[in-house]
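**Q** Residues per chain, in single letters:
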Amino acid sequence: MRPRPDACQANRLGAASGPAGAVQGGMAGGVREVLTLQLGHFAGFVGAHWWNQQDAALGRAIDAKEPPGELCPDVLYRTGRTLYGQETYTPRLILMDLKGSLSSLKEEGGLYRDKQLDAAIAWQGKLTTHKEELYPKNPYLQDLPSAEGVLSSDGVWRVKSIPNGKGSLPHTTATTSKPPIPTEGSIRVWSDFLRVHLHPRSICMIQKYNHDGDAGRLEAFGQGESVLREPRYLEELEDRLHFYVEECDFLQGFQILCDLHDGFSGVGTKAAELLQDEYSGRGIITWGLLPGPYNLGEPQKNIYRLLNTAFGLVHLTAYSSLVCPLSLSGSLGLRPEPPVKFPYLHYDATLPYHCSAILATALETVTVPYRLRSSPVSMVHLADMLSFSGKKVVTAGATIPFPLVPGQSLPDTLVQLGGATSWTPLSACGDPSGTRCFAQSVVLRGIDRAYHTSQLSPGTPLPSPLHACTTGEEVLAQYLQQQQPRVMSSSHLLLTPCTVVPPYPHLFSSTFSQHCVVLDGSPKGSAVESIPVFGALCSSSSLHRSLGGLAKELTKLDLRRWASFLDAGVEQDDVEELLQELRSLAQCYQDGDGLTD
Amino acid sequence: MAAIKAVNAKAEVARAQAALAINICAARGLQNVLRTNLGPKGTMKMLVSGAGDIKLTKDGNVLLHEMQIQHPTASLIAKVATAQDDVTGDGTTSNVLLIGELLKQADLYISEGLHPRIIAEGFEAAKIKALEVLEKVKVKKEMNRKILLDVARTSLQTKVHAELANVLTEAVVDSVLAIRRPGYPIDLFMVEIVEMKHKSETNTKLIRGLVLDHGARHPHMKKRVEDAFILTCNVSLEYEKTEVNSGFFYKTAEEKEELVKAERKFIDDRVQKIIDLKEKVCAEFGKEFVVINQKGIDPFSLDMLAKHGIVALRRAKRRNMERLSLACGGIAVNSLEDLTVDCLGHAGLVYEYTLGEEKFTFIEGCVNPLSVTLLVKGPNKHTLTQIKDALRDGLHAIKNAIEDGCVVPGAGAVEVAIAEALLVYKHNVKGRARLGIQAFADALLIIPKVLAQNSGCDPQETLVKVQAVHLESKQLVGIDLNKGEPMVAADAGVWDNYCVKKQLLHSCTVIATNILLVDEIMRAGMSSLRG
Chain Z
1 MRPRPDACQA NRLGAASGPA GAVQGGMAGG VREVLTLQLG HFAGFVGAHW WNQQDAALGR
61 AIDAKEPPGE LCPDVLYRTG RTLYGQETYT PRLILMDLKG SLSSLKEEGG LYRDKQLDAA
121 IAWQGKLTTH KEELYPKNPY LQDLPSAEGV LSSDGVWRVK SIPNGKGSLP HTTATTSKPP
181 IPTEGSIRVW SDFLRVHLHP RSICMIQKYN HDGDAGRLEA FGQGESVLRE PRYLEELEDR
241 LHFYVEECDF LQGFQILCDL HDGFSGVGTK AAELLQDEYS GRGIITWGLL PGPYNLGEPQ
301 KNIYRLLNTA FGLVHLTAYS SLVCPLSLSG SLGLRPEPPV KFPYLHYDAT LPYHCSAILA
361 TALETVTVPY RLRSSPVSMV HLADMLSFSG KKVVTAGATI PFPLVPGQSL PDTLVQLGGA
421 TSWTPLSACG DPSGTRCFAQ SVVLRGIDRA YHTSQLSPGT PLPSPLHACT TGEEVLAQYL
481 QQQQPRVMSS SHLLLTPCTV VPPYPHLFSS TFSQHCVVLD GSPKGSAVES IPVFGALCSS
541 SSLHRSLGGL AKELTKLDLR RWASFLDAGV EQDDVEELLQ ELRSLAQCYQ DGDGLTD
Chain A
1 MAAIKAVNAK AEVARAQAAL AINICAARGL QNVLRTNLGP KGTMKMLVSG AGDIKLTKDG
61 NVLLHEMQIQ HPTASLIAKV ATAQDDVTGD GTTSNVLLIG ELLKQADLYI SEGLHPRIIA
121 EGFEAAKIKA LEVLEKVKVK KEMNRKILLD VARTSLQTKV HAELANVLTE AVVDSVLAIR
181 RPGYPIDLFM VEIVEMKHKS ETNTKLIRGL VLDHGARHPH MKKRVEDAFI LTCNVSLEYE
241 KTEVNSGFFY KTAEEKEELV KAERKFIDDR VQKIIDLKEK VCAEFGKEFV VINQKGIDPF
301 SLDMLAKHGI VALRRAKRRN MERLSLACGG IAVNSLEDLT VDCLGHAGLV YEYTLGEEKF
361 TFIEGCVNPL SVTLLVKGPN KHTLTQIKDA LRDGLHAIKN AIEDGCVVPG AGAVEVAIAE
421 ALLVYKHNVK GRARLGIQAF ADALLIIPKV LAQNSGCDPQ ETLVKVQAVH LESKQLVGID
481 LNKGEPMVAA DAGVWDNYCV KKQLLHSCTV IATNILLVDE IMRAGMSSLR G
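From first to last, the protein sequence lines stand for chains Z and A.
Just so we're aligned, residue 1 is where the first sequence starts under full-length UniProt numbering, counting upward by one.
Just so we're aligned, residue 1 is where the second sequence starts under full-length UniProt numbering, counting upward by one.
If we strip away everything but chain A, and leave its shape as in the complex, we get (with noise of 0.2 Å):
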């Protein structure tokens, strides 16, 4: 009876043996439910909502957060496998594939009475041997356009259909390669992602500038203005102020009165400011002149500028502020004393897009920008969602293999040739723990297996040709998932990311070794806060 018993009789308590059934158990259910994601070839999965919202989806990531997961166990491999893919964007169906096939192969020897001690400390060293081998076949080269391009696309085609993934990959490497600058880490954060309800997803497109989902507000502004100066601005042009504490300022009306059209006067200096740069120095290069403000800019405001001939734009997203001086040149600026041309910055083409009651700005024809825009299209909520979760993981993809400077044959190729370099190192380990070893190169070898399967290969026939092919080339052999056919993965030009297997091998066995060493469960008025 365990201790706990006696102070809390409600306690649940499952021990040795139950704990592990218990928990092998969760960690395999989780495997099953995601095992059909895996490739390119895996099933899509639509979750329908009891209103009847659709969500169209064969991210693992995505699955493990919809679902509501109650039990302990799995909760905890769902949020090892999530944070996984916050840090790489990727690899969290891999994840728990991996932990649940881990965990079944060491059950394998635990129910023949092997301690579970003995079988982590197989898998630490498997693991230690496993990033070596990794190490070793990584393929160091330059990242030029055509590689990158072939890491997008086997990290894009697992997620939406092949058609589109062409559309995406050439978007996604010309948006990173646009914004990525020598000297500097990657900043995804310059890529902007933009929806729009319309056409059909295979419309999606890279705009090389910027688009807003708002407009001029003007009925007399321009609609389409070529050749134009930015001015980015963070300055209140609306008349706001009187209202707070006016009534402690003055006692009569016409006290009242003065005081407002001071205020009023204040802020039409201000637009008198952009006016005065407007015409100095349209007249001085014969351009046109698009205001960007991120404050509030009234009506009033808008009529005097639309007078002039100005566009413009009030209320931008703060986020888009950087946004755009990085696109266009110029500064933002937070004052409009002092300003001057240099504070511009300049756009090739500046036109508005309405779409029934929402209104687009494109700003394009940028020099050299330096932040661009994904522009996502498709005909309804849930296309759009996927392909933007799509995205996410492809520019990941990108930004990952530009950083390690390197990458890893993908197809299952990676986890053949760790597994069979496993099976060698098995003869120099002394005692039981090589039986852990063992366990461990099985486990990996999940990978190409379910690839297989969800191709509609058979999996053990598959995998044994591809095995039988490796031993005999030395190469790194995957498999070509339309044949159920060996290939040499990099002549394919499937590549994946070297920091997301190298993630994986660790967490995997981390999680893994973990669960095995659980061996008593409690459930004693546990607070139902698990964050």
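Next comes chain Z alone, as it looks inside the complex (with noise of 0.2 Å):
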């Protein structure tokens, strides 16, 4: 029996966490595993560029530049082994696709590929081959190791060794030659700038669909729910979802990537009920994406998204135990806003591959609680703490990077940042300022441990209270109660920073990579690798506004002008019904000061 070390903050959230490793003792080291869910062509957009992330943030723990990590991969991802008795190391993911949107990459990805027995045709009779143009493969990724099978000097077919992330084996992105950034125009699809194996059950394609095209698009919600109303796909990700789950010996829940502005919000509405029929008790987070700013110009496609976006947020909402928006766009309404500015990036929001990037890395902040090695939060609790009386719905915001300037301290650069509203809203509900919160996790990663407190000589007056304490934790918590009192929070300091080496596309103003630290210490003006980011999840009053709107707008639509979202397998009466949900969500976030005081 070991006791937990409670490294977070004294409250609820920080002492309940762990339980399980008091009482399992010598097992208390086993993993809480996530099995992620990306559902959506910007999910997978979203999912690349943060697996990159990740994978890249492995490359460097083994050049043993930090200390071993205060994040554990093994959370979300799974060690494995080919038919050969290669060990692998993929992310524990399932990933969802349509038609054609694959590229160059294979269904089954290389690592457990024998390019021998896959010729293999069972037929003797006539055949003829019908041949699509080869998909050239992204000059970027022409670098990346192959891992198929390869002819050894033995004679014998063998995989190449693969790198696992783990072991001494060398690592993708730690070769000799940085590759270079891929240009913008490159990228057409997620598949580009993947630099990451996948393991073959990770890719499931609906085949129902057509990526691009005029024809057989997957438009509307309930296209999507029926996607998996089909017992060949239903089998296929049950399939897939017993595969990761049956070795798993501490699941702590799943995470959902899916795309809100498309078909896809059926599909993963579909899916969240599945999950949560069949693993009840789990944390189910489910990160709703949209893609930037929106064409006027088509208005079908304007009305489908918010149709799709109000029934993918109002049924993943009933189905999962926390939702969150993540989009760059202003607001999730009709009328286009402006997308949201960070002071230290600059990025063409019209490009996914911007986008993504940015949400990616907020998801790489966000997500830390659940993925600590020490004394996480599990995703029930982190659900659970967020979501109190309805408020299932919460907002994102994320300074990136947050700007911390050499010389300074912790407690100096927080008190230039001034206002709770510094990060930059990251959820498409407007302007945060003025709004309330009802409870926030918050984290702060990649701060060098020198600059955690004040350095300031004894004796020197204190410019604010944050200059007393004693250590990191305590200040950010501290800042946390100063802007908002009277809110629950929890939050995390780590050392650890995002990496943000390429293909992570170069976003960072001249500003910030003369003035900011790099924290790796690499000389300035040099490219930027890693940068410190401030994040946080907040259940806050501004949803009450967005999702009162979205309500308005929808009350507003003549739906009997788009018969053909309703012929896809929604019924008038399922509108009145969302209408009637999204009203009574939009108001557990009223701000309820003249009520309760």
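Everything labelled a hint here was simulated from the structure, so no lab data went into it.
Every value quoted in this text rests on a predicted model; they were computed, and no experiment measured them.
There could be a bad hint or two in this list.
[Said to hold, decoys possible] With a straight-line cut-off of 27 Å between C-alpha atoms, the simulated DSSO-like cross-links for lysine-lysine are: (1) Z:106 to A:199; (2) A:388 to Z:126; (3) A:483 to Z:126; (4) Z:131 to A:377; (5) A:55 to Z:208; (6) A:483 to Z:131; (7) A:388 to Z:99.
Join the two chains into one complex using the hints; note that each chain is given alone, in its own frame.
**A** Encoded structure:
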């Protein structure tokens, strides 16, 4: 029996973490596994960036520049073994996308392939071959070591040694020549820049709908739902879930990255429903993703987006422990608002490649609590803390990068940062100023221990109470307390920064590169490799406005004009019900000051 | 000028002859794609995607699903054909061929000035007559294993090579016969298909029991047990609950500890109940004990079970739970209260097989299993998929045969017979509608013609020979595809499903008629939402 160290703040959340560990004694080392689902093409973009970032961080860890990670990669990755006994380390991931969206990526991935066996054909009669034009591999991926079988010198077919991120094997990104940043123009699909090998059970293609072209698109919520009603896809998903879940000893839950703007909102809904049915008691955290700005010239697409988003949000909320919309646009509504701005980033909001990179960085930060190596906050717990009294939808915000100036300590920077709304809103809920926060989970990562507390020589008058704190954690907690008194906050402070090596796009403005801390100590002006990030999940009253606004816009909509949306399996009554639920969800977030105080 | 042009200048309109030409063109295009598939001598198609993924098929249904069909008419035909497959499990290619041919034959008369409506009338009359003939030629007999083998072989030989077809035929027939229960409809769901990427395709076999694609998760559990009790349950043996809302229940660390212990004990008690039962029955009968749980079992519980010599599998698939109790007997329990020996199933042999990172658990030696497993083997993914598709069709063919209680001779024999009968019937019909009947009869002959063509014979020559023998012998004569000569289909053991043919005649006539009667095609701001 080994009591776990409680490094978190002394709130209920921190104190409650790790009861399992206390009882299971020796087995406390058990990793609390999370299974990731990526549904949709934009989810694929975000996911690809996220896995790349994690992979790069794994590579750095092996370079031993940092202490053994504060984050436990085993939470999201699994160790496997090919038929040839080669160890693999791949994301515990199921992703769904449409026919034609993979480009040069093979459905089964390269890790477990055997070229010789694959060529065997079970037919002796006439055979015609219909070959699609071979998709060129993105030039940027050319250096990615192919993991396919090669003929080794002793004449046996073997799979080349595969970087597994843990052992002493060379790592993909740790190769001597750094890959160049791919050009924006060369990125059409997410597989164009994915540098992580996937398990053959990861990619599940929906053959029924096309990724490109005019016909056979997955456009409406109802279509998405019906995909997972078909036994063919349902069994496929169940089998894959079974494969990953069965091997988990302490599964803590599922994170679903799901496109909200198209039919995938329906796929996500069905998937979440299945998870809730089959794995009750596990956390289900859903990240509803919306890509960049909409084109007003396509009214139908815009209306569909609105409907899909509303249906997706409401239903996903019903089946998940926590739902967080993620988008860089200013609002969920029909009228486009300018995309959000980051003081130190230049990005093109029309490029999914850029938007997804920013959202991935935010995810990499706000998901920290349930991925910690020591005293993690389980998904169920995190959701519990943020979602009391029905507030299952939360907003995300992040300061990317966190502007830590060299020579200045964390208290200095936080004092300069000032207001509570220091982070850029990432949930398309408009300007958070003037809104109330009910509960929040905050993560600040990438701050060197030397800067955690004030470096002022004794005797100097303290510029703020923050400077009196003795640990970085205290500084952060105190800061949150100052900004938002009466709010239940949980905070985590990590040394590990977010890795932003290519294929992460170069978004950083020159002011950042020149002024701010480049943590790995590389000289100023050189490419930024890792950044500190300040991120938060927050149950905020801004949701009252945006969800209410969504309901209002839907009420105004003449749905008979969009009969084709209803044809796809949604009834008029469902729409009424949806509006009702959307309104009551919005009601949950009404600023209760007038009533309770 | 069409009225639609007045309101939408961008609208595209095609009328009368032009509209028909567009539709017939689409139907024939589709026909040309699929015609080489038909029959055991058809051409296998290898589809290679841009990324290099391979798909190997000659199943019309699979091909239609793979193709990105943009033409609305073609897409309509494809939907009808695949719908046929959903219902009966076969006949997609024939469907497409027949629709295309009906339209082609109709076009000959329409181009000479005959109104499509009259052709449609003829088609309708011909269909009714054709169904009568089908009724007459169907062979009603007891569906014993021999005839089912013939039915399955006929179906499977069109999808996979002969050697493999023979292996699959036996497996498929025996699996359906095993799960068949008098008084119940056949539930193909009770035949589990498990794939194993291993060895060659001819190692595919029937397992009279179940194969689960996971194994016991404890190093000390036995990899092989004989003569074992099987307990199937749906009970969580996992410590999980305290996390939910736990924050509200305790104030101090001691209280928390207490709560945690209580919760753990709760799970331990459940595990103990299983152990108690095991101790009791195994002492009595001297057998081994296997637990298969739909919910999770955490390492702690696994440890307890392993110590008592129990083999435990966790997270069995939901759909396997029903199969388990049908295969081994016993009942799946949802609670561990009142466990008795009656809840237990039995298996003669349970063993684990490891393949790379994947494990398989074989549960065999079941007494009279009502659920069985087809274990598909093959060296690569595309072979596995190909076999799975073939098995599905084979299973359907047998199910259809048993449910119909009759079969019809294959190898083009039925089509030849119906065409012959229609030509006689034509003379009883007054007016121009008889032209429609003529067209229908000619169209049906596409099936024997393409069969002959695909086997490398001259289609006309073969057809004439077959028709001659048919007239002479009054027997149902089809084509021997190996020789290109006429043969009596029934003697050669080539049987098709009655319901497939019936469905085929119905749906082809309806669709061909509908397409014929289209006299205007408009495309005006249509949504791309076609599902």
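**Q** Against this structure, judge whether each hint is valid.
**A** Hint-by-hint comparison with the structure:
no. : hint           : result
1   : Z:106 to A:199 : holds (23 Å)
2   : A:388 to Z:126 : holds (21 Å)
3   : A:483 to Z:126 : holds (17 Å)
4   : Z:131 to A:377 : holds (26 Å)
5   : A:55 to Z:208  : holds (16 Å)
6   : A:483 to Z:131 : violated (33 Å)
7   : A:388 to Z:99  : holds (21 Å)
Violated hints amount to a single one, hint 6; each of the other numbered hints is respected by the structure.
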